[in-house]
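Going down the list, the sequences are from chains A and B. At position 106 of the first sequence (counting the first as 1) the number is 1436 in our numbering, and the numbers step up by one without a gap. At position 245 of the second sequence (counting the first as 1) the number is 972 in our numbering, and the numbers step up by one without a gap.
Heads up, a few of these hints could be off.
Cβ-Cβ distance ranges computed for the label pairs, FRET-style [unchecked claim]:
1. A:Lys1681 to B:Arg731: 43 to 49 Å
2. A:Arg1540 to B:Asp784: 34 to 40 Å
3. A:Lys1437 to B:Arg850: 17 to 23 Å
4. A:Gly1655 to B:Arg731: 53 to 59 Å
5. B:Leu822 to A:Arg1723: 43 to 49 Å
6. A:Lys1437 to B:Gly798: 53 to 59 Å
7. A:Arg1438 to B:Glu812: 44 to 50 Å
If you're looking for bench data, these hints aren't it; they were derived computationally from the structure. Cβ coordinates follow ideal geometry from the N, Cα and C atoms, glycine included.
Here is what each chain is made of, one letter per residue.
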Amino acid sequence: MSYFGIIENLIKNARGPPPLEGVKVVEFSHYILGPNIPRLLAQLGAEVIKIEPPPRGDRWKYASMWGGKGFYKGMRIDYLYLNSNKYFVGIDFKKEEGRKLVVELAKRADVFVENMEPGTLDKYGLGYLQLREVNPRLIYVSASGYGNWGPLSKLPSYDIIGQAESGMIDITGWEDGVNEAYRLPDYPGDWLPSTMAVSAIIAALIYRERTGKGQYIDLSQAASMQRFMYHFTYMSLTGSRLKRSGFIDPSAYVSGVFKTADGKFAALAAMTQRQYDALAEVVPGLRGLREARDAESLWRKYEAVKAWASGKTLDELLEFGKKAGVPIQPVLNDKEVLDDPWRAERGSVLKIRDRLYGEIVVPGPIVKMSGTPLAVKWVARPVGYHNKLVLTRKLGLPPAEVERLEREGVVGYWDGQLGNMPPPGWSAESDPVFRGEKDEVEP
Amino acid sequence: MSDREEVLRKLFGDREAKPEALEGVKAVEICGTNFGCRIAGSLLSELGAEVYTVPDDDAKRITPHGATIEGVGIPYFVESRGKREVALEDVPKLLPELDILIDGLGPGKLYSKGLGYPQLAERYPKLIYVAISQFGHYGRKAEEYADMPDSDLTGQAYNGYMAMLGNPALPEPYSYPIRAGIWLAWAFAGAAGALSALAAYWARMRSGKGQFIDIAINEVLSVDHPYQIGAPFVLGAPRQRSPTIDANILVTYTTARASDGFVALATVIWPEVEAFFEIIGRPDLAERWKKALEVWEKDPGQLKELEKEVFAEVAKYKAEDLVKASREKGRPPIAVVKSVEWVASQPHWRMRGAIVEVECRGRKILVPGTPYMMSETPGRVKLKC
Chain A
1331 MSYFGIIENL IKNARGPPPL EGVKVVEFSH YILGPNIPRL LAQLGAEVIK
1381 IEPPPRGDRW KYASMWGGKG FYKGMRIDYL YLNSNKYFVG IDFKKEEGRK
1431 LVVELAKRAD VFVENMEPGT LDKYGLGYLQ LREVNPRLIY VSASGYGNWG
1481 PLSKLPSYDI IGQAESGMID ITGWEDGVNE AYRLPDYPGD WLPSTMAVSA
1531 IIAALIYRER TGKGQYIDLS QAASMQRFMY HFTYMSLTGS RLKRSGFIDP
1581 SAYVSGVFKT ADGKFAALAA MTQRQYDALA EVVPGLRGLR EARDAESLWR
1631 KYEAVKAWAS GKTLDELLEF GKKAGVPIQP VLNDKEVLDD PWRAERGSVL
1681 KIRDRLYGEI VVPGPIVKMS GTPLAVKWVA RPVGYHNKLV LTRKLGLPPA
1731 EVERLEREGV VGYWDGQLGN MPPPGWSAES DPVFRGEKDE VEP
Chain B
728 MSDREEVLRK LFGDREAKPE ALEGVKAVEI CGTNFGCRIA GSLLSELGAE
778 VYTVPDDDAK RITPHGATIE GVGIPYFVES RGKREVALED VPKLLPELDI
828 LIDGLGPGKL YSKGLGYPQL AERYPKLIYV AISQFGHYGR KAEEYADMPD
878 SDLTGQAYNG YMAMLGNPAL PEPYSYPIRA GIWLAWAFAG AAGALSALAA
928 YWARMRSGKG QFIDIAINEV LSVDHPYQIG APFVLGAPRQ RSPTIDANIL
978 VTYTTARASD GFVALATVIW PEVEAFFEII GRPDLAERWK KALEVWEKDP
1028 GQLKELEKEV FAEVAKYKAE DLVKASREKG RPPIAVVKSV EWVASQPHWR
1078 MRGAIVEVEC RGRKILVPGT PYMMSETPGR VKLKC
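Hey, can you work out the whole structure from these sequences and the hints?
Here's what the structure looks like:
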């Protein structure tokens, strides 16, 4: 069997519990930066309980998406993804009894994730300094724009504000010829830092296993973006800023986005001398320019490749890239990503049957693992949907006590606004999970 | 400074005297020119793992405009944090004590040298093997593109990311899709590499078993950051690039030109949109914007027209005045787009270790620090000149 076949067998026959099975997480967060951390932990098998204040909950689901077209059966598609594999509890933490319930959940948790404005949860007795008193093993994560302390910590933040304050917008786009500033689209200032946070959390779990000690992780989204800005180094080394370069990677020997003979866009980046030389074999005008790497030369080299690439179809370019060992790939649009057969084969675009939302297309797991496979088991639920399940089965409260908490408004449910409702046709009476009788994936 | 701030500063202080989370964890990276692989190793190093790297001359030459420090390129220098070099032929000597091997060479390359997962797993069943490559290590495309090296630019392209960045209304070639100013595809791949290696390590603490992990640079951005999948699923069509109005929420969540520079505007929910229109002295635009949104699919021109009006109004104000007005009003967040020079000079990032200074033969070189601000086991950049 070929190497590829052996690896395919390993991945396709992956069995075993997910890696973070048994790890308990409490989420007290909203929008993207906070919720993506527990989303990934849940994908890795952790039990995540998302606490939302009833009835509105996480405000991200009310931001109109695509002019109102972004809702899938009453809930926003990215909210459904961001909050997959989580349990939803609606608790009014401003009431003393509600606050105590959050503390009870934190006592049994391994990880607590929040992304409120720095200091907000301290006012309710739910900050790290308070929760470590009741659970010294707790790993508490605060995700914010600039961190919880330091001169800039009070600045407001969203992904784009973090991009502006980190310098990210300043390094993207064109320096000459175009006087425009571009944010990075689709909020990577949230998605990337939250992905990085997961490593810190698991490292903290590993450390706690040795020492018994929990800790506080203060994650800054701007600092997480800066982690990849080699521009600071370039500036201090050369005494001048690294200019914005549009589609050209200034670290490559030649690179860019090219329009092909069949009207498609292809990205090409010769990162090494060998790759450059292979290109110079076929592209007129490149030979002898390899070591000229200043901005002007990169542009001249781009123009030479542009003239050559414009006479080739995308398939011809890809064939050349495969044979010559030069990185070339198409610039795919959203629909091409969704419909890509390779992604379907790998399970990176998955069609799942959610118990509430029916057939839904979801992004597959972030990585493929041979021993402890990951899964997207269910998507988001309305505020308070798992109240009964969590409070009775996981916290051990008697059903009568849960009913009292409901009557007194300590725990509550969604209000039926668009973005905060069960799908059409759902009924409480016929839903054993909502009634606390079954767990999400119990037969 | 508030009491809370003072307590937190103390809590996160004395970084060098504190232990490291991954003390005792041993990893080797064999990356070639794949910086997604190098970033994964660096993140593990920042968290305290002992990381060995197999040096690569080609990787050392990958650098902006050929700039080098101590004979190596800037990305290689920055991503050498805390790593020791080991020759490829000496990697087998490390294997008996190795926890994690990160392979960035492409599918089958280490296998052909007897260092693939199938061979190593037989002798070292506890080994965690993280493969980071363009199309993964199995399946049709993995095989088809096995001999084509990866790059960040092609990763951004194949993830559907570049298609959303840039201004299609400009003349060619400025109208083409452009790249994020950082290696975004490699960054996502590196972050996925580190988190999956640690998840597998955590699982091994219980089961005693290692495993194989497959990461495809060309998909990881779009599965973690999922609009390329969610948008066409609900819209039935690809989104269009929109440099001025956010392509998802269709409001002024974007950059705009003020009279003296660029500002970032963050209107996400409707009260923020209304507050923003008040700040620029055009509350009348709120209702018109709402109506334009209602007919957005049938008549996108209405939003385009309003866009022009909005940006013409913003251009009348100084950037700092807009920021001040937003703070007084309490919403929406507005920030001046900061230059890298400004950012590098801010004490905030230095004191938090997000940007650190390395002494290099009498020169002070700034390098990106670590975002791992942890009270008991702070992340560390062990980078020497």
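Self-check item: Violated constraints from the hint list, given by number and in increasing order
Solution: Of the numbered hints given earlier, the structure breaks just one, which is hint 3.
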